[in-house]
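Each protein sequence line maps, in turn, to chains E and X.
Just remember that our numbering sits 119 ahead of the position in the first sequence, which is counted from 1.
Just remember that our numbering sits 36 ahead of the position in the second sequence, which is counted from 1.
Heads up, some of the hints might be wrong.
Said to hold, decoys possible - DEER-style ranges, computed between Cβ atoms:
| hint | chain 1 | residue 1 | chain 2 | residue 2 | range |
| --- | --- | --- | --- | --- | --- |
| 1 | X | L120 | E | Q226 | 24 to 30 Å |
| 2 | E | N172 | X | E121 | 41 to 47 Å |
| 3 | E | T145 | X | T112 | 35 to 41 Å |
| 4 | X | Q53 | E | G134 | 46 to 52 Å |
| 5 | E | S160 | X | D137 | 21 to 27 Å |
| 6 | E | R135 | X | R45 | 19 to 25 Å |
| 7 | X | L120 | E | E185 | 33 to 39 Å |
| 8 | X | K98 | E | A136 | 42 to 48 Å |
| 9 | E | S144 | X | L75 | 24 to 30 Å |
| 10 | X | A56 | E | E185 | 34 to 40 Å |
| 11 | X | E121 | E | S160 | 18 to 24 Å |
| 12 | E | D130 | X | L75 | 18 to 24 Å |
| 13 | X | R100 | E | P126 | 32 to 38 Å |
| 14 | E | Y220 | X | K98 | 16 to 22 Å |
Derived from the structure by calculation, the hints contain no laboratory data.
As the structure is a prediction and not an experimental result, all values here were calculated from the model.
Glycine included, each C-beta is placed from N, C-alpha and C at the ideal position.
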Amino acid sequence: DAKTTQPTSMDCAEGRAANLPCNHSTISGNEYVYWYRQIHSQGPQYIIHGLKNNETNEMASLIITEDRKSSTLILPHATLRDTAVYYCIVRVEGSTLGRLYFGRGTQLTVWP
Amino acid sequence: EAGVAQSPRYKIIEKRQSVAFWCNPISGHATLYWYQQILGQGPKLLIQFQNNGVVDDSQLPKDRFSAERLKGVDSTLKIQPAKLEDSAVYLCASQTSGGTDTQYFGPGTRLTVL
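With the sequences and hints as input, model every part of the structure.
Structure below.
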């Protein structure tokens with residue numbers, strides 16, 4: 120079962136930052152926080168992951184609180200193509216069992 | 037680099053019929069997953085392969101679902117006989133190894149059971 124809680128939906132104006140929150144209050148010390156997104160009629164796409172330090176790549180930034188019980192995915196300049204369902208997932212490091220536990224995610228709508 | 041390929045993209049069958057889906061992972065990826073995504077929900081794992089061996093099939097309804105990955109490359113997922121509740125998108129994903137490597141997903145096969 121998914122170990123994360125996300126808002127059902129959010130919206131954002133094009134060009135503005137989109138901040139997507141995620142609660143994972145029962146996260147274990149060896150679990151990473153992963154973010155995937157799924158654009159309509161496509162398979163999920165990896166965005167970013169982190170353990171406890173903030174992370175940034177060409178797609179987004181990930182801010183993890185010091186107690187690791189929550190995190191925020193930041194899309195710095197949202198575009199219409201960022202409209203998608205965003206999934207926050209916690210996952211054990213180093214296990215051969217690689218399954219991703221997807222919840223219902225957050226539907227992000229970027230409007231013009 | 038070519039992505040994960042799946043076929044067919046769409047399939048409509050009647051209940052009690054059988055159906056098969058095919059997946060070609062990214063070249064060199066040892067681990068392959070099949071997920072089921074029911075409308076409005078997140079994907080749920082059905083089975084995980086490491087090369088041609090099964091690592092995790094705990095969520096696979098084995099009375100009607102089967103999967104194989106001969107030669108550790110392509111994989112086939114079969115449903116026989118299909119039920120109405122099997123209507124879903126079936127996603128294949130691959131990664132270089134187990135653990136925390138990124139999973140790359142195919143576009144999925146949308147199955148409708150009438």
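Quick check: which numbered hints come out false for this structure? Of the numbered hints given earlier, those the structure breaks are 6, 7 and 10, listed in rising order.
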